[in-house]
Amino acid sequence: MKEWLQELQQVKEQQSDFTLFPMKLGSVSVYVGGFRSLVDMPQTLFQLQEMASACPEGMAGLSLRLGGERIPTLPEAFLALAKGKLLIVPEDGGEGMAVPPVSRKIYRGVEESANESVVLGPLDAFNESLDVNIGILRSRMNSRFLQHESFSVGSVQVHEISLFYLEGRVHRSLLRKVRDQLTQIRDQEFGCLQEFFILMGGRSWSLIPTALTTELPAQAVYYLKQGRVVLLLSGLPFALVLPKLWTDSFFLATDREFPYLVLIFMRILRILAFFLAIALPGLYVALISVNPDLLRVQLALSVAESRLGVPYPAMVEMLFVLLIVELILEASLRLPKSIGPAITMVGGIIVGQALVEARLVSNLLIIVVAASTIANFVVISVQTSFTLRLLKYFLLLFAGIYGIFGIFAGLFVLGFYMSQVSFYGIPFVSLWKKEEASDG
Amino acid sequence: MNRGIPRLAVSLLAAVVLLGTLPGCWGIKDINHRVLPTVMGISHGEGNRYKVTLQVPIPGPNKTEVRIVNEEAETLTKALDRIKRNMENQVDLLHMKLIVLHEEVAEKSIRSEVEYAVRSREIATKAFLAVTDRDITGLLRSTQVNVEREGTTFLNFFGKQAGWTPAIPIYRVWEAYRGLHAYTQDGIIPIVRPAKEGMIQFVGSGVIKQDRMVSRITPDETVLLNIYRNNFQGAVIEVMEQASVSIVRAKVTNKPRLVKGRPRLTIDMTLSYIIQETKGSISPDQINQELEKLVAGQFQTMITKLKREQADIFGFGQLFRGRLPYEELKNWRSEYYPQLDIELRVKATMRNSGLMNIGNR
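Heads up: the sequence lines are chains X and P, in that order. Residues 79 to 518 (my numbering) make up the first sequence, in order. Residues 2 to 362 (my numbering) make up the second sequence, in order.
If you are wondering where the hints come from, they were derived from the structure by calculation, not from laboratory data. Remember, predicted model here, so these are calculated numbers, not experimental data. Using N, Cα and C, we set each Cβ at its ideal position, and we do this for glycine too. Zero decoy hints are in this set.
One-sided and incomplete, this derived list gives chain P residues near chain X with beta-carbon spacing under 7 Å:
| id | residue |
| --- | --- |
| 1 | Ile29 |
| 2 | Asp31 |
| 3 | Leu37 |
| 4 | Thr39 |
| 5 | Pro60 |
| 6 | Leu95 |
| 7 | His96 |
From just these sequences and the hints, can you work out the full model?
Rendered as structure tokens:
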């Protein structure tokens, strides 16, 4: 059984950060292998020596002593190594074991969330390390009912996926379906979240993602308590909540830190913002070019005045400014944080002031676009705000052709679309209900 | 994971892209390429049947300029068409807020004018109607200055948020259209004249019986009608030149019945008022009595006159709709209405006397 050592020697030649060396742990002579980049070698070896110092009997005793995990086959050994484990192989060959080492600190610490800000409520956010995330979730939840199941998906790139649910609260048929799905896709490959969503049963052309993402452990805990299922993926600094419902764009767990009336106010505001974000540009075009009879005559006259000398039709005018706003948004995502404010200034002054003064667009248009863009980011989830950015063009097109009627037709189409989406048998457009008794 | 683009999506996308080429190429025009006349005057022309005058605010960089344009033709449509031909932008009647009819037109018949306004999809049926006994072009020209400054003189005159008072009747196109066809209800139309300094003078109301203006009532009588219609926001009544009161609440109960084929109506009217002004010493009881006498007297005078004209502007016929067979309703104006006995019982109560005690001098 020297082949293990041979294979490992080969790995050492190919991978420059792999180390393999003989050492004596207690009375047993072994070979120790691991990636220097993942394992803090000096610390680990020091600890191993300490722990194994009074270990008389062979590998079995050592394994018992070190808490090693039996690895029967070579591919599994390589996987364990890739995951950052330390491999211990007896000198005479034979089965090796994987030992949890002192890992290198290659993850950032627990920080505040980058994309979801919290006013009142816990500030910490998930980060890239699965173990840290699991730890955060467990310490937030503090419940003996919190259940954790582990899956790994992928053959080339292996993703560790942790499935959490709350025993007794969870929607059982949902849990069963998610669990089945995760087992089924064991060998499937995915590189990004979109592909993962599709593997999990989503559609590639869907506007609505299969799962809700949240960076905030408080949110994850809230959904767990509701009976939903939370997935943590290795390397992703957020939790995936299944299923996603329409209310998630408007209702935030930390809303509950506020008085009830304030909560209602904020939620109504967000729902309003949703409609404003998608309908305002369309409404402008509809009122300016198709249905000016709906404006009050005073407003109609002042709007007409502000559009004097504007050369393009309202539709073109709107598309022109929206394009610039989208460019600014996209640019400010890419820009380093230190330059970001500069772009905001440029956007505000050049786009706002100069465009109007140059008589390329009307004053009202700038107000409408600004209001729509602001409203766009009032809704909670990042996913939704990106979807809204797209949806407003849909309504704009309808409005440009059919006016006010078109906007309502567009909203209807949108309603139809949303109501046909369902995840794991739970309609997207529904309020979360505790599971029915007959289920599961 | 490439599942290919669904065929349906491709065809939808193609359709959408093609639709995108449409805006600007068919009937849709931007607001700054339309002119939005707000007032239309209709009078008899010289020789021709109609003379149509439009007051058109045209927004400019600094202030709104108002143009008065007119054309004569056999029909309204033709006259408007001539105006449209001569304007540089598309004339849109969407914001037509007021149609002023000359007295001669109103006294002859407003049927074809109202039917035109209802039939044409451009004019909103909520537009106001008014009558003038002066030259229409002059009326529109006299308000030009104010319109140029604010853009909306006429609208303010009739707007409940602006210059409207209970002395001014509101008569909209749809009400006129209803009047053409209703057996049991008529309306009143405001009569306006140009006044000095670009103001409008309201001189009274015209009583419209079906399609014709048959007589006039005074502003005070209009107030009474509006009180009956519960439309009295801030109505002020002078009592015997000794006190002015403002009505704050009017409760009207109608008890219609038919006695041997003759319609009889008992009206209980409870008026609550606030004292605005008093001269000399007058007691609340005196004011109550005077007010009751005044309202009842004015009412009976008015009714007598209206019965003679067979114009049911109070809409009393509406109350008998359930009591007369449908065939008989046709004859409401000619047979039943002149026979109608009305007993009006007015009860006045003082809500308060303002910030002063009454008779406290």
